[in-house]
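Keeping the supplied structure of chain A fixed, place chain B upon it in accordance with the hints.
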Amino acid sequence: MPLLENGRAVADRWTYAVEGEPLSEGPVIVPSSRLSEGLGRAGGELGVLLAPDEAAETLRAALAKLSLVAVRFPIFRDGRAFSQARALREHLHFKGEVRAVGHILPDQYEFLMRCGVTTVEVPENADISVWSAALQRFSVAMQPSIASEKATGFGLRRFLDVAG
Amino acid sequence: MSTETLVRQDSAAPPVGRYAYDQVDRDFLRDRIEQFRDQVSRRISGALTEDEFKPLRLMNGLYLQLHAYMLRVAVPYGTLDSRQMRALARIAREFDRGYGHFTTRQNIQFNWIKLEDTPAALEVLAEADMHAIQTSGNCIRNVTSDEFAGAAADELLDPRIHAEILRQWSTLHPEFTFLPRKFKIAISGSPNDRVAARFHDIGLIARPGDDGAPLFEVFVGGGLGRTPIVGVSLRDDLPEEDLIAYLEAILRVYNEYGRRDNIYKARIKILVQALGPDVFRQKVEAEFAAMDRARYRLHPSIVTAIGERFGAPHFEPEDGATAVLAAARAADRTFDGWVRTNTHPHRAPGYISVVVSLKPAGGIPGDATDAQLDLLADLADEFSFGEIRVTHLQNVVLGHVRQDRLQELWRRLDAAGLGTANINFISDIIACPGLDYCALANARSIPISQKLSQRFADITLQREIGELRLNISGCINACGHHHAAHIGILGVDKRGEEAFQITLGGSGEQDASVGQILGPAMTEDDTVDAVSRLVDLYLARREGSERFLDTFRRLGTAAFKDVVYAAA
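Chains A and B, in that order, are what the protein sequence lines are.
Residue numbering for the first sequence follows the working numbering, starting at 1 and increasing by one per position.
Residue numbering for the second sequence follows the working numbering, starting at 1001 and increasing by one per position.
No lab work stands behind these hints: they were computed from the structure.
Check the hints yourself; a few may be wrong.
What the hints assert, rightly or not - In silico DSBU-like pairs for lysine-lysine, Cα to Cα no more than 35 Å straight-line:
#  : chain 1 : residue 1 : chain 2 : residue 2
1  : B       : 1265      : B       : 1561
2  : B       : 1114      : B       : 1184
3  : B       : 1114      : B       : 1451
4  : B       : 1283      : B       : 1561
5  : B       : 1494      : B       : 1182
6  : A       : 150       : B       : 1494
7  : B       : 1451      : B       : 1283
8  : A       : 95        : B       : 1494
9  : B       : 1184      : B       : 1054
10 : B       : 1265      : B       : 1494
11 : B       : 1494      : B       : 1561
12 : B       : 1054      : B       : 1494
13 : B       : 1054      : A       : 150
14 : B       : 1283      : A       : 65
15 : B       : 1054      : B       : 1182
16 : A       : 95        : B       : 1283
17 : A       : 150       : B       : 1184
18 : B       : 1283      : B       : 1182
19 : B       : 1451      : B       : 1494
20 : B       : 1114      : B       : 1494
21 : B       : 1283      : A       : 150
Nothing here was measured: the structure is a model prediction, and the numbers come from that model.
With the rest of the complex left out, here is chain A (with noise of 0.2 Å):
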């Protein structure tokens, strides 16, 4: 699944567990059932799969030990997995990737960025160039977030720069 970063394709070093099968070498994501079966792995990056109903207080403990954290969206209208992200910025202080999966519309892109997210992953067949016009609609956003824009010195309104 081709995988966004700041509106362009990157590619994808990380590789999903698969049920039923032994965690795989390299950069692992696991869903937070196999957390710790992911931690006591002998090397190699490990990410979590957060479910749209888990908190993410639950991988504080872990967190330190993560590179990579994914939020899923079981369907678009399910916005969950915004409160999510930012809790992991807002809350755990998290540094590393925050990655949105699921069902997804490139209207929601600069809303997951400004939530926190820093990669999507999309559908095989994505139009690339509409996710990354998406990210330069906006110029200016109403309220603070998480990604600390610069404030333009009017009211609560902030500069939107996300597409870098």
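Relative to the frame of chain A, chain B by itself:
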């Protein structure tokens, strides 16, 4: 200098009572229209499925109703200027069938819009600094406020600056645009609740603290709909600087824990009840304690800067205006009757607020023609600093009228069919669009509303009955606020026929209560007769200055039930 010249504002001055857009706000709206245009074209190309397009369309205010698209235009905190009202008249004329419909959330909706005309209609709105953003969808909706804000003698704090701050904060909010369900916020600065604060997802009552800085009482989890619930007070003393942070905390708890498996159980009121108010409060307080408060701090300088973009009315000295009005009332009983019902005391000597009734006898509640909208714009310019307010009771307010010019204003309104003297009377009916327009409705709300309005058309009788709130909803979703009415009427489907159920004893004010169901549903005509008998009983049994609601609360349901069902 004529009075007319005196009340006209300098065209460069900010609009009275509302926030003046700057180029950044205008560019933002343009970008939003382009985004919607792009979404429409992606829908047409098939890049977006209908299921994916629908929430995006709704967040631009566009509903698909029974016969056509409906465009719901936001009127932030219910305040418009005359230029904006003329833009609405133009939309009614050019894109609808010559009228618009004011809603209980202080918005206006147009019921006959063609999808292909929508971007052009949005352009007309944008030229007048208006939009339809977040008037639908599972996001934070248009923030409503007191229709007498900044004018009422009983007001402690004008809530509209904070309402504007909340409008900006909630616009395209990155975290709260895909909530479990819609989210409605109301704010008032008067101890006399005219915004139904206790029936909102969040209701805010502002007041100055001991040091003069604003404090907010925060109600949460109120609502009507299928499960009417009076909101609980979460805290009484929220300082202004924490307003955004605390609302973020509430929304975060809701976004995380609100139900997403059943849309009828997804509102925050269900979550507050399921957790219990104390556990809900603990979760909010825990989030509030953990969050980076500095990031969300609402610094007083921000409030000042946004407040400076509001125009203020320049009041002239009283100069005998009160005496002129008193003399005019003494000389003209019809005028006097209208003044009694359709005005509200103003904080400035010599001024008064006027409620223009959009409920003529036999009319459709909240409807106004393009000509009436244009006239209201002209009258606002001549009599009220160009400022107009929409009320959640589906009427229109001119907030700052000189008392010595009130009779002239009344004559102009009356000549245009806008002089009905029935505010807060039984014919000042709230009605949802019902089955005439709405895809969700079980019954038509408008015809029964018109029949009731005709039945009680005699203004002498209405005056005798006094304050009586009658609201009609065409289905259980309760858009007509029937639960919060002294007499509520709910349209139901009874074996394939339209029927109506009566509830009694509801109130949306500071004595908020949910109406109780009186008995089995009846036909439209029987319901109209039943309302007559309820009113007759009240007139026979009331004591002193009791309102219908007071008599009902004293006597209880049984007596009222008897007169409706024993007679049948």
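Against the structure, the hints:
1. B:1265 <-> B:1561: 31 Å, holds
2. B:1114 <-> B:1184: 27 Å, holds
3. B:1114 <-> B:1451: Cα-Cα ~31 Å, so holds.
4. B:1283 <-> B:1561: The given pair, whose Cα atoms are some 43 Å apart, is violated under the 35 Å limit.
5. B:1494 <-> B:1182: Satisfied, since the Cα-Cα distance of roughly 29 Å is no more than 35 Å.
6. A:150 <-> B:1494: 59 Å, violated
7. B:1451 <-> B:1283: 49 Å, violated
8. A:95 <-> B:1494: Violated, at roughly 59 Å.
9. B:1184 <-> B:1054: 20 Å, holds
10. B:1265 <-> B:1494: 24 Å, holds
11. B:1494 <-> B:1561: 20 Å, holds
12. B:1054 <-> B:1494: Roughly 31 Å between the alpha carbons, so the hint for residue 1054 of chain B and residue 1494 of chain B holds.
13. B:1054 <-> A:150: Roughly 33 Å between the alpha carbons, so the hint for residue 1054 of chain B and residue 150 of chain A holds.
14. B:1283 <-> A:65: 28 Å, holds
15. B:1054 <-> B:1182: Within the cut-off at roughly 15 Å; holds.
16. A:95 <-> B:1283: 25 Å, holds
17. A:150 <-> B:1184: Within the cut-off at roughly 29 Å; holds.
18. B:1283 <-> B:1182: 21 Å, holds
19. B:1451 <-> B:1494: 20 Å, holds
20. B:1114 <-> B:1494: Between residue 1114 of chain B and residue 1494 of chain B the Cα gap is close to 33 Å, so the pair holds against 35 Å.
21. B:1283 <-> A:150: 30 Å, holds
The structure shown violates the earlier hints numbered 4, 6, 7, 8.
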